[in-house]
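K.L.:
Keeping the supplied structure of chain A fixed, place chain B upon it in accordance with the hints.
One line per chain: the protein sequences are A and B, in this order. Letter 225 of the first sequence, counting from 1, is numbered 224 in numbering that gives the first Met the number 0, and no numbers are missing. Letter 82 of the second sequence, counting from 1, is numbered 81 in numbering that gives the first Met the number 0, and no numbers are missing.
One or more hints might be untrue.
Here are the simulated DSBU-like pairs of lysine-lysine, each with C-alpha atoms no more than 35 Å apart in a straight line [to be verified]:
(1) A:LYS240 with B:LYS302
(2) B:LYS85 with A:LYS109
(3) A:LYS109 with B:LYS60
(4) A:LYS84 with B:LYS60
(5) B:LYS60 with A:LYS378
(6) B:LYS85 with A:LYS354
(7) A:LYS354 with B:LYS135
(8) B:LYS24 with A:LYS240
(9) A:LYS240 with B:LYS60
(10) A:LYS240 with B:LYS85
(11) B:LYS85 with A:LYS93
(12) B:LYS350 with B:LYS379
(13) A:LYS378 with B:LYS85
(14) A:LYS382 with B:LYS85
(15) B:LYS135 with A:LYS93
Derived by calculation from the structure, the hints in this document are not laboratory data.
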Amino acid sequence: MLELTAFELAQKIHAKEISAREAAEVANTRVEKVEGDINAFVTTTPDIATERAERVDERLKNGGSDSVNLWETVPLVVKDVLSTKGTRTTCGSKILEDFTPVYNATALEKFGEDLIMVGKANMDEFAMGSSTENSAYGPTKNPWDLSRVPGGSSGGSAAAVAAGEGWWALGTDTGGSVRQPGAFCGMVGLKPTYGRVSRYGLVAFASSLDQIGPMTRDVRDSALLLQAISGHDPNDSTSAKVEVPDYLSELENGVSGLRVGVVTELMNAEGVEPEVRAITEKTARDLEEAGADVGEVSLPHATYGLPAYYIIAPAELSSNLARFDGVRYGHRATASGVHEMYRRTREEGFGDEAKRRIMLGTYALSSGYYDAYYAQAQKVRTKIVDDFRSAFRDFDILISPTCPTAAFEIGDKVNDPLAMYANDICAVPASLAGVPAISIPGGLSDGLPVGVQLMSDHFTEPTLLRAAHAAERASEFRFEMKP
Amino acid sequence: MAETKEKQTYQAVIGLEFHVHLATKTKMFCGCRVAYGDSPNTHTCPVCLGHPGALPVLNEKAIELGAMAGIALNCEVASHAVFARKNYFYPDLPKGYQISQFDEPICVGGHIDVPTSDGTVRVGITRLHLEEDAAKNVHVGESGRMHGSTGSLVDFNRGGTPLMEIVTEPDIPTPEAARATANQLKSILQAIGVSEADMEKGQLRCDANVSIRNPDGSFGVKTELKNMNSFRFVEKGIAAELSRQQEIIEDGGRIEQATMHYDPATDEVYSLRSKEEAHDYRYFPEPDLLPLELSTEWIEEKKARLPELPAEMKSRFVESYDLSEYDAGVLTADRDLASFYEEVAKSADAKQSANWISGDLRALLNEEGIEISDSKVEPKDMAELISLIENETVSRSAAKAVLAKVFETGDSPSVVVEKEGLAQTGSGELDGVIEGVIADNPDEAERVRDGDKKVVGFLVGQVMKATRGNADGGRARELLMEKLGS
Chain A
0 MLELTAFELA
10 QKIHAKEISA
20 REAAEVANTR
30 VEKVEGDINA
40 FVTTTPDIAT
50 ERAERVDERL
60 KNGGSDSVNL
70 WETVPLVVKD
80 VLSTKGTRTT
90 CGSKILEDFT
100 PVYNATALEK
110 FGEDLIMVGK
120 ANMDEFAMGS
130 STENSAYGPT
140 KNPWDLSRVP
150 GGSSGGSAAA
160 VAAGEGWWAL
170 GTDTGGSVRQ
180 PGAFCGMVGL
190 KPTYGRVSRY
200 GLVAFASSLD
210 QIGPMTRDVR
220 DSALLLQAIS
230 GHDPNDSTSA
240 KVEVPDYLSE
250 LENGVSGLRV
260 GVVTELMNAE
270 GVEPEVRAIT
280 EKTARDLEEA
290 GADVGEVSLP
300 HATYGLPAYY
310 IIAPAELSSN
320 LARFDGVRYG
330 HRATASGVHE
340 MYRRTREEGF
350 GDEAKRRIML
360 GTYALSSGYY
370 DAYYAQAQKV
380 RTKIVDDFRS
390 AFRDFDILIS
400 PTCPTAAFEI
410 GDKVNDPLAM
420 YANDICAVPA
430 SLAGVPAISI
440 PGGLSDGLPV
450 GVQLMSDHFT
460 EPTLLRAAHA
470 AERASEFRFE
480 MKP
Chain B
0 MAETKEKQTY
10 QAVIGLEFHV
20 HLATKTKMFC
30 GCRVAYGDSP
40 NTHTCPVCLG
50 HPGALPVLNE
60 KAIELGAMAG
70 IALNCEVASH
80 AVFARKNYFY
90 PDLPKGYQIS
100 QFDEPICVGG
110 HIDVPTSDGT
120 VRVGITRLHL
130 EEDAAKNVHV
140 GESGRMHGST
150 GSLVDFNRGG
160 TPLMEIVTEP
170 DIPTPEAARA
180 TANQLKSILQ
190 AIGVSEADME
200 KGQLRCDANV
210 SIRNPDGSFG
220 VKTELKNMNS
230 FRFVEKGIAA
240 ELSRQQEIIE
250 DGGRIEQATM
260 HYDPATDEVY
270 SLRSKEEAHD
280 YRYFPEPDLL
290 PLELSTEWIE
300 EKKARLPELP
310 AEMKSRFVES
320 YDLSEYDAGV
330 LTADRDLASF
340 YEEVAKSADA
350 KQSANWISGD
360 LRALLNEEGI
370 EISDSKVEPK
380 DMAELISLIE
390 NETVSRSAAK
400 AVLAKVFETG
410 DSPSVVVEKE
420 GLAQTGSGEL
430 DGVIEGVIAD
440 NPDEAERVRD
450 GDKKVVGFLV
460 GQVMKATRGN
470 ADGGRARELL
480 MEKLGS
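In isolation and in its complexed conformation, chain A is listed as follows:
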């Protein structure tokens, strides 16, 4: 059963060949077996998974397959940054160690009351990081090589699926946090268009960039999970009132006539390894052979995305993390006065990276520095938006590496923040422009998976998924459960 994709499993559950309860128990057993090595979860919820799976089975029995959406039947791994009613939500931080939300994130509400949740996946604290080493609950290991990181910040979600602790997962992506761990763990990671999925209940890192995305075994699973979570939400003013298309129906229509542009600046970005470049080029050739028109495209300001991102994201998070003050919930230090209480609570509750970025962001927004940093970064962002706009006049799909390298060693970059940040160079342009981007496994480099990134224009996920599906089919890589 663990070899099936989520889509295949869902069909079997719908057909009553397998019960949802059986699936939940298989996942729970697998978690018990490998979790000690992987540490993919902050909190596992085996009882919730079993109980709710039974209710799903009950509904299937009473109402037939029409009464239950396909996606409701498959156990799901949920990144610990999504608010889950009654289940603690730590965001990988000590400051929320004992915090239990009173409401569900909208994306999870789409599964109804019977969301079969395997557990809450580990992550870099408040989604800040590219290795899942910045978690108060210990680092997550890459199932392909336990000495390596799974990527981040959705490293727990990626590792859980790669290790068969679930069939699919929800991650969140602010500057590559779904795509990069997807790439590192040999999976598909999709960051939808900004506004496609409600952010209500996604504990904010950088509000103008955050988006929930599917982390799956293949592109079809990605389309199905996107189908589940998409749509306008009156509780999120930034969620778009754009109709949700059927993401599965066009999946196999092929890429004939599709215009695919290889992004020059990202292929040649600092630190991109030759093997990674070669694998990206091979994916482009695969698409060409499948009928696409492939050419080169320039995003002149793309590499300025990284510095702009590391101003805008910390600026927003410095404000977003202000609510963790010990007054209403979460960790509270004992102190004699309110200011001392704030200081100690935040000193004890936040990890080093969170503190570093709070300071960066606070500085960037300070009077006298705002124009030089925050306002300037917003101008760069506008330039990047314009770059994409003009690129999409000539191309339907842009292609680049997801990140410069395959998974690196645990501890390798943890003391060198700039080297860690540089890992996001290919991922952040799509985040800043708000366009959808997907990472699919392109092949292996020294036995480790390498991700290839495909990007398309706002709300053109059907085209993006279609191209990704074609590339996936042409590639020799198939999902492998590890270890």
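P.N.:
Same frame as chain A, but now just chain B:
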């Protein structure tokens, strides 16, 4: 000359800043009800408690009310406005930032015309913006204040209440004009139904920026004056602060930038905190909300729906009731008083009604410190009283006493007249009284007969005394003169 120069040297510069609760049913960014006086923390949700992951959604009604207020204050309503985060830590601020507006507010550049005893003053409105109110800290301990308290509790019922901030230009010349400005603003906001603007409920709060102009005409150092929780205290607080500043200047000192509190008990101001540690609020556009786009049609539609403003009502009162500018101004400054007047004027003489309401009735209200809506006097009582005067059932002086009794008891004027025996002494009866007074005061009567008119006053006094004031003094005088052949 010296005195004039003195006066020029101490020219006050006053600007006001108002925080007004908007009359919406729900909060600014969530569906929680806006309620006053309910048990603490009964109107809360993840949004107004700042729970992780919760997001704000704009209250459309608040936008509408804000725009209407701006239109009524002669502001320009922006076609594009932006919400911004104002970042600071305080326990009553659950998100660690307040969603407010910064460099692109909903309304800018208006004015209101304020009647004062020195004539009408035009006060500029710099800007009007929308934001959310903070929660309420309650300090546990004997003092009820933070200092010396044993602990603090937070009531989030108020947190997130839609709030409108209105900032005037610093062109208010006197404490009296400041009070009148506040009054005028309140009546405008009430007139258009944007806010109940009840200061006691905290629906209207007023701070003042106060300074004294330097001899060279430039602005002096200003202080911010807070805690003026009634219009009277706005006037008194600013006056107290101005005299404090004047004293410092006269002693050769320098004004320090500071936040001052007014203490009504001592009629003094005291420094709350020095402003030397200026806050850096790190404003930036709120990424959780889209910019506000208001179309010309939308704005025009709000304009068309605006009810009669106090200034318009005042002109109408002058025209249709033939009132003086002053009376019309007084009556229309208070929306409820204006409706009361219009009700009375339906069945009583318009001018008499205006005199009684703006004069005696208002004096009684002020004395008690209550509003017309809380008074026991009904419009029909006022109209009845005026008709009792007109048909000479009561004298003008007795009518004052009748009104005071109606005000006190809520009885109708005729009942009061009956109970208290305040009916005007009739002509026949008055004749008898006058005969008696002449008989009792033969010497004085003789002097009047001899042409000494000064003594008439004494005799009239005796008549009034005998009738316990229920005689028409003029009529008594006439009769006396007649009888004494003078």
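K.L.:
The structure should be examined with respect to each hint, and the outcome stated for every one.
P.N.:
To see whether the hints hold, each was checked on the structure:
Taking the CA atoms of LYS240 (chain A) and LYS302 (chain B), the gap is near 29 Å; set against the 35 Å cutoff, the hint holds. A C-alpha spacing of about 33 Å is found between LYS85 (chain B) and LYS109 (chain A), which places the hinted pair at or below 35 Å, so the restraint holds. A distance of roughly 29 Å separates the Cα atoms of LYS109 (chain A) and LYS60 (chain B); the hinted pair therefore holds under the 35 Å criterion. Our distance criterion of 35 Å between C-alpha atoms is met by LYS84 (chain A) and LYS60 (chain B), whose separation comes to about 31 Å.
Between LYS60 (chain B) and LYS378 (chain A), the direct Cα distance comes to roughly 34 Å. Compliance with the 35 Å bound is thereby established for this hinted pair. At most 35 Å may separate the alpha-carbon atoms for a hinted pair to count; LYS85 (chain B) and LYS354 (chain A) meet this at roughly 20 Å. A threshold of 35 Å between alpha carbons decides the hint, and for LYS354 (chain A) with LYS135 (chain B) the separation of about 29 Å falls inside it, so the pair holds. Proximity of LYS24 (chain B) to LYS240 (chain A) is assessed by CA-CA distance (about 26 Å); at most 35 Å being required, the pair is judged to hold.
About 21 Å separates the Cα atoms of LYS240 (chain A) and LYS60 (chain B), which keeps this hinted pair within 35 Å; it holds. Restraint check: the Cα-Cα separation between LYS240 (chain A) and LYS85 (chain B) comes to about 28 Å, which is no more than 35 Å; the hinted pair holds. Restraint check for LYS85 (chain B) and LYS93 (chain A): the C-alpha separation of about 26 Å stays at or below 35 Å, so the hint holds. Restraint check: the Cα-Cα separation between LYS350 (chain B) and LYS379 (chain B) comes to about 16 Å, which is no more than 35 Å; the hinted pair holds.
Using a Cα cut-off of 35 Å, the hinted pair LYS378 (chain A) and LYS85 (chain B) holds, with the two alpha carbons roughly 22 Å apart. With a CA separation close to 27 Å, the supplied pair LYS382 (chain A) and LYS85 (chain B) stays within the 35 Å bound. About 28 Å separates the Cα atoms of LYS135 (chain B) and LYS93 (chain A), which keeps this hinted pair within 35 Å; it holds.
No hint from the list above goes unmet by this structure.
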